[in-house]
Structures are given as structure tokens and as C-alpha cells.
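Undergrad: Residues per chain, in single letters:
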Amino acid sequence: DAGITQSPRHKVTETGTPVTLRCHQTENHRYMYWYRQDPGHGLRLIHYSYGVKDTDKGEVSDGYSVSRSKTEDFLLTLESATSSQTSVYFCAISEGGQGVADTQYFGPGTRLTVL
Amino acid sequence: SQQGEEDPQALSIQEGENATMNCSYKTSINNLQWYRQNSGRGLVHLILIRSNEREKHSGRLRVTLDTSKKSSSLLITASRAADTASYFCATDAGGGATNKLIFGTGTLLAVQP
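As they're listed, the protein sequences go chains A and G. The opening residue of the first sequence carries number 354 in this note's numbering; numbering runs sequentially from there. The opening residue of the second sequence carries number 497 in this note's numbering; numbering runs sequentially from there.
It is worth saying that the hints were derived from the structure and are not from the lab. Where hints are given, some of them may not hold.
[Unchecked claim] Interface residues of chain A toward chain G, partial, derived using beta-carbon atoms under 10 angstroms:
1. Q390
2. R397
3. G416
4. Y417
5. F459
6. P461
[Unchecked claim] Label-pair ranges, simulated between beta-carbon atoms:
7. G:D503 x A:R375: 32 to 38 angstroms
8. A:G369 x G:E511: 48 to 54 angstroms
9. G:D503 x A:S418: 21 to 27 angstroms
10. G:T563 x A:G393: 26 to 32 angstroms
11. A:T435 x G:N514: 42 to 48 angstroms
Using N, Cα and C, we set each Cβ at its ideal position, and we do this for glycine too.
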């Protein structure tokens, strides 16, 4: 999985609790992404980062925040988890610098269940 | 936002047969990419085709791109049971410097041994 790890790999939590998912890369790639994958929707971009402390919203960012204090780590926080955030979350990285979208490399995913 | 739409949603074939999946998108692109996802795993990049290319090959994979029809196809020749997976096309936003991809909903391919 191209030097990308996600933790935890599985989590069950209660509605209303905060949850933080971590993505760690060893590739020194500039771009990092958080997606969620749900049946019938494919992958949808939540947030992405184009450098340390540089982040932007994706298609489905409501209820999520991110932080990137180091090149290798990108954190996704659900401030108050809801059942609609039950999903599989994928982190991805890309090198960037091409001026156009380049290949993305994906982590193994985190399965989150909100009860 | 634009989105790649794969067709068919599901495809079942016998080992040794060819599998063809199609992707349509809505607005101009700089490139189009295909990814594979095995059950329970992350996506794996297969091939990238640029907007000025019409066809690209990688092993048993052949990708075509028709920008006039805003469509692409992925052909897997001589399929194997190990090709069983979901296949996604992804397009960039086109028109400017962006590193975001927009993924379609995928084609689920089942190759029967």
C-alpha cells in the first residue's frame, strides 16, 4: 500500500462522540486526501491537503475537520459522530507538482461504525 | 461537480473471456485514470491516459479515450479469477492546476473460474 498506514483499521463508536482517524505516509508526498466510500456513491472526497497546514474542503466536508502538522501525518476528525458517518474511510497520497491530477496511492482503509 | 459514471454496474464473465467497462464524464479533462479495488482493500492505480492520447496499453489492459464523446473504456483481455474486483474511473477537474480526482461509482467484475 505504497507506505501508507491508517489507524485504527476498525472502530465502533457512539453517536455524539469525537473520533480521530490517522493517516501516516513514508513517501514524503505533498498531497494527502481523505475519502469516504459508501455503497452506490463510490469514493467521495472529504478534505485534502496540499502541504503542511494547507488544507481545503472536498465534496462532503460537513461534520469533518482535518489537520496536517507534519508532512507524514494527516488527521481526520469527526467532531460529533453521527450514524450517517458510518462508512469506510480511505486516505490517499500523491506527489503533485505536475500541474494536473496525478496518480493517487491509497491506504488500506478504516471501517467506522457509529451506533 | 463532474463525475465519471461506469457502465455496466456489474459484469460476470468466464475465465479467459475479455471484460469491457465504460466510463463517461461530463466536462473537459486533463487526464483520466482507472483504479482497481479488491474486496476490503484500498484502491490500486492501473493506468492513466492523458487527454491528448487515444489509446494506452499496460499488460492485459487496454484503455481508450474519446474526448469528443467524453468517454473511456477499459478492456481486460484473457481475464483471470484474480481480476475479480471493482474498477473505478477517475477524472481530474480539467482546465487548471488541481490535484483532485473525482471517482465514479465503479463496475463490479466477477470472473468465474
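Undergrad: Next step is simple, just say for each hint if it's right about the structure.
TA: These are the hints, each one checked on the structure:
1. Hint status for A:Q390 relative to chain G: holds, with the closest Cβ pair at about 9 angstroms, below 10 angstroms.
2. The criterion of a C-beta within 10 angstroms of any C-beta in chain G is met by A:R397, whose closest approach is roughly 8 angstroms, and the hint holds.
3. Using the Cβ-Cβ criterion of 10 angstroms, the hint placing A:G416 at the interface with chain G is not satisfied: the shortest such distance is roughly 19 angstroms.
4. Because the beta carbon of A:Y417 sits about 16 angstroms from the nearest beta carbon in chain G, more than 10 angstroms, this interface hint is broken.
5. Evaluation of the A:F459 hint against chain G yields a held restraint, the C-beta minimum of about 3 angstroms falling below 10 angstroms.
6. Hint status for A:P461 relative to chain G: holds, with the closest Cβ pair at about 5 angstroms, below 10 angstroms.
7. For G:D503 paired with A:R375, a C-beta distance near 36 angstroms keeps the hint of 32 to 38 angstroms intact.
8. Distance hint check: the CB atoms of A:G369 and G:E511 are about 49 angstroms apart, consistent with the given range 48 to 54 angstroms.
9. A hinted range of 21 to 27 angstroms is violated for the C-beta pair G:D503 and A:S418, which are about 36 angstroms apart.
10. The hinted window of 26 to 32 angstroms between G:T563 and A:G393 holds, with their beta carbons roughly 28 angstroms apart.
11. Here the CB-CB span from A:T435 to G:N514 is close to 44 angstroms, well matched to the stated 42 to 48 angstroms.
Checked against the numbered hints given earlier, this structure breaks hints 3, 4, 9; the rest are met.
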